[in-house]
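Protein chains in written order, with the numbering used here: chain A, 1 to 288; chain B, 1 to 336; chain C, 1 to 243.
Watch out, some of these pointers could steer you wrong.
[Said to hold, decoys possible] In silico DSSO-like cross-links for lysine-lysine, where the CA-CA straight-line distance does not exceed 27 Å:
no.	chain 1	residue 1	chain 2	residue 2
1	A	186	C	91
2	C	131	C	184
3	A	155	A	185
4	A	155	A	186
5	A	185	C	91
6	C	184	C	91
[To be verified] A short, non-exhaustive set of chain A residues, derived as facing chain B with CB atoms under 7 Å:
no.	residue
7	93
8	95
9	96
10	97
11	100
12	110
13	131
14	135
15	218
16	259
17	260
18	263
19	275
Keep in mind the hints are simulated off the structure, nothing from the lab.
We put the CB at the ideal spot given by N, CA and C, even for glycine.
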Amino acid sequence: MNLTQQLVNGLVLGHAYALIAIGWTVLLGVARLVNFGHGQMYMLGAFVTWYSVSRLGLPYVVAVPVAMLAGVAIGYVMQRVMLQLTLRQDLVSIMIVTLGFGYVLHGAAGLVFGSTGQILETPLSVIDIYWGDLWFTWQDVAIIIVAILFFALLKFVIERTGIGRTARMVAEDPALALLAGIDVKKVYLGVFAFEGAAVALAAAMVAPRTPILTSMGFDEVIVTFVVVVLGGIGSITGSYLAGLALGLFTAFFGALVSPAYTTAAAFAVLIAVLVLRPGGFAAAPGSR
Amino acid sequence: MQPALRLGLIIGSAVLGLFLPFLLGGTPAIYSAAVLIAIFAVMAYGLDTIVSDLGEVSLAHTVFFAIGAYATALLSTGLGIGPLATLAGTIVAALLAAGVLGLVTLRLREFVFSLVTYAVAVVAITVAANWSFLGGSDGLRGIPAFELFGYEAQGDARLWPVAYALLLVTLYLMRSFRRSRLGLAAIMVHLNPRLATMSGIDPQKTRLQVFLFSAPITASAGWLYAYQRAYVSADLLETYFLILMLTAVVLIGRRVLLGPLIGVAIVQIQEKFFSFGGYVDKIILGSVLILVLAYLPGGLVGLFQALREAGRRVRERDEPVIPAHTQTECTRKAGP
Amino acid sequence: MSTILEARDLVVGYGGNRALALPHLSVGRGELVGVVGANGAGKSTLVNSLLGWSRGRPRITGRVSLGGEDVSRLPSFERVRKGLLLIPEGKLVFGTMSVEDNLLAVGTGALGQGRRAYTVDEIYDLFPRLKERRGHLGGQLSGGERQMLGIARALRLGPSALLLDEPSIGLAPRLVSTVLATVKQLAASGLAVLLVEQNVRAAIEVVDRLVLLERGSIVTEGPAAAMRDDPRIAEAYLGAHAA
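Extracted from the complex, chain A is given alone in its bound form (with noise of 0.2 Å):
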């Protein structure tokens, strides 16, 4: 096993989790809400993305937009459908229903895009490099970029800018942002519609590295979820720095013991720190 190889492909997997998790930071660390739809609306991403560039024949830079126009869509849309649950924060009723959306938005790719897998190629996922003894494409040098990009910005945003700031507070508190004067339902929606933008930019991205099918997206909302309570809820730096540590995790234990069990191993890893230390995500003493 070639260590520097391996120490690549952790780097590019963990900027990839950490953009496909970033959705997910936003909408817990600001709304409070999770999306049990993420990972269909990844596979979506992905292939709307793969029918702009092999059906439309869109190149691979205007799909990347259509594709986030499509997640946007879909995210406004899931939102605003649950839109009294979240203001009620009925939460139970809230994952059961994005889980509903996850099994929708499922049947209606099968039926658009059918059953068999496909190739997304891109064109930087068909460059490869070649560095001494490691390989890799432009998409993964894409892929790391843009993850840093992404990060950067979204930080800048939230700590520094009045819409952050209006995040922060709809984030703590959302009858005391109304009474400030705050549109929260506005803010709501705005935060779905990022998570599908974000998810969809991250398939556009990431799905060229592997085969896509319709009944995928699972692996992906196990490797969401593991990077945000690794990273904290809500800690932007926290899911970044989480989702390097989850890719060099997979790329060591995918080429030491497993590639098919990585998922397994990765969620025992948080099981054990959710049972060690559960910090923020354990019930306040004498409520659930």
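Given chain A, put chains B and C in place with the hints provided.
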């Protein structure tokens, strides 16, 4: 209603239920649908206690279902033991799994609990599809027919009374649970965890206990499903079963005893007799789940009650209004 | 004196129960009106329903107007943007944000009709204590400082009418008089202020008019001086009320 009369009615309906598939035509398709409805309903009842009573979401119940099926397959093909023994094995396996999962998540908040159960289900798919002990992607075949005390249940028509019996037992268990102290504790934790704690109830222990109660129920559905299908594979862990369970639990209304049964029946009948193809059915099922939760939180029963309430208010509008005594203020402003 | 805030036939019901039934209530420019009553009398329901905001899901009917404009159909945050502000009981500040961020954290809207939004610097002039603590997190402030910050945030929004829900709760007596003096100042500067208070003794010192609520209805109301001598007030509250 007098207790004797009530008991008579219940027994009468139970007997009628047994002959229902026969009365509806008795074709193999009908018996098959009936058996599946019974099995899936039992599966859904396990989840019902968690969602309707405890008020949390466990996404791991597909795993218990699969554990039941796999345990049955392994025990019956590997050790050659009969259905009662495999049922016992199923229950033990389910309790073990639920125990581990429950203890691990004991101190976690409710939504983290749900996330973890979801992750468990996803990981279980990987394990089931890759582990050769569980048959890998081919699954386990050759499960013998269900045979108990000489009664051989070959085919759905003969399996039906067994499925029906399982269903009745489950209904009885649900009813007992809701009247038990644990059932009451679950509701209290659901409605007001702090108040429950101050009444001496441990919310976390309650969650664990309800979890331990619910898992074997769902697993027993898996047990019978293994016999019905005669083979098990990783497809038992598909999201379909989860969505089916959830829809069945919320469609009719929370904490309605026959709710999950009717819900499962509606969905299965649509799929078996009014299908539009696999993908469209998925869209339909998912949409029903979304619409019920987003717009009909009380399910169909809730809708019926709301309509009745609206009708009552329309009638009351013409009556003289008497200023009512004020109750304690219901508004709470201290945070969401 | 022009009327800024007016409510007509305001009724709040939960299921079959009426929490509040108010035929008429008005507050004029520069006027400080106090609303007192026992727990459960409907005081909080009143201020919440003026904003169209509530916990639980009550049915609210009636007409609320601000500066002559009917706002009954507007969602809460829009009433806030039009100048109807509520400083709630309990959670007043964003605990995880700094004082400065709390002051910056207001939704902007067009100001009209002679409304004046204080700038952050003007706030610091008015409340030097907040300037001292500008970098501290909201959660690190004392009770009195939070009350100050709550009021300051409201001023940042340029209110024309201000509703305060039990500002004196949890404060030491000395702070109570400071807070209420500030409230009096705000009224004097031209705002219409509705003050809900349980501390009748303190309230009656500063308000122009007093309204007594009982079980969701107005039992009596009138100028503060007259209410001081009203036996109902004296007997129920001032007599049994320990300083």
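Now for the hints, and whether the structure bears them out:
1. Note on residue 186 of chain A and residue 91 of chain C: the hinted pairing holds, with a Cα-Cα distance of about 23 Å set against a maximum of 27 Å.
2. The straight-line distance between the Cα atoms of residue 131 of chain C and residue 184 of chain C is roughly 22 Å, inside the 27 Å bound, and the hint therefore holds.
3. Between the alpha carbons of residue 155 of chain A and residue 185 of chain A the distance comes to roughly 23 Å, so the proposed pair stays at or under 27 Å and holds.
4. A distance of roughly 21 Å separates the Cα atoms of residue 155 of chain A and residue 186 of chain A; the hinted pair therefore holds under the 27 Å criterion.
5. For the proposed pair residue 185 of chain A and residue 91 of chain C, the alpha carbon gap of about 21 Å is at most 27 Å, so the pair holds.
6. In summary, the hint linking residue 184 of chain C to residue 91 of chain C is supported, as the alpha carbons are separated by about 22 Å, within the 27 Å threshold.
7. Look at residue 93 of chain A: its Cβ gets to within about 5 Å of chain B, closer than 7 Å, so that hint holds up.
8. For residue 95 of chain A, the interface hint holds, since its Cβ comes within 7 Å of a Cβ in chain B; the closest pair sits about 5 Å apart.
9. A least Cβ separation of about 6 Å between residue 96 of chain A and chain B falls short of the 7 Å threshold, and the interface hint therefore holds.
10. Given the 7 Å rule on beta carbons, the hint for residue 97 of chain A holds: about 5 Å separates it from the nearest Cβ of chain B.
11. With a least beta-carbon distance of about 4 Å to chain B, the hint placing residue 100 of chain A at the interface is held under the 7 Å criterion.
12. Among the interface hints, the one on residue 110 of chain A holds; its C-beta lies about 4 Å from the nearest C-beta in chain B, closer than the 7 Å criterion.
13. Interface hint at residue 131 of chain A: violated, since its Cβ lies 33 Å from the closest Cβ of chain B, which is beyond the 7 Å cut-off.
14. The criterion of a C-beta within 7 Å of any C-beta in chain B is not met by residue 135 of chain A, whose closest approach is roughly 27 Å, and the hint is violated.
15. Against a cut-off of 7 Å between C-beta atoms, the interface hint on residue 218 of chain A holds, since the closest Cβ of chain B lies about 5 Å away.
16. Taking 7 Å as the C-beta contact cut-off toward chain B, the hint placing residue 259 of chain A at the interface is violated, the least distance being around 10 Å.
17. The criterion of a C-beta within 7 Å of any C-beta in chain B is met by residue 260 of chain A, whose closest approach is roughly 5 Å, and the hint holds.
18. Because the beta carbon of residue 263 of chain A sits about 6 Å from the nearest beta carbon in chain B, less than 7 Å, this interface hint is met.
19. Nearest Cβ of chain B to the Cβ of residue 275 of chain A: about 6 Å, under the 7 Å cut. The hint holds.
Checked against the numbered hints listed earlier, the structure breaks hints 13, 14 and 16; every other hint is satisfied.
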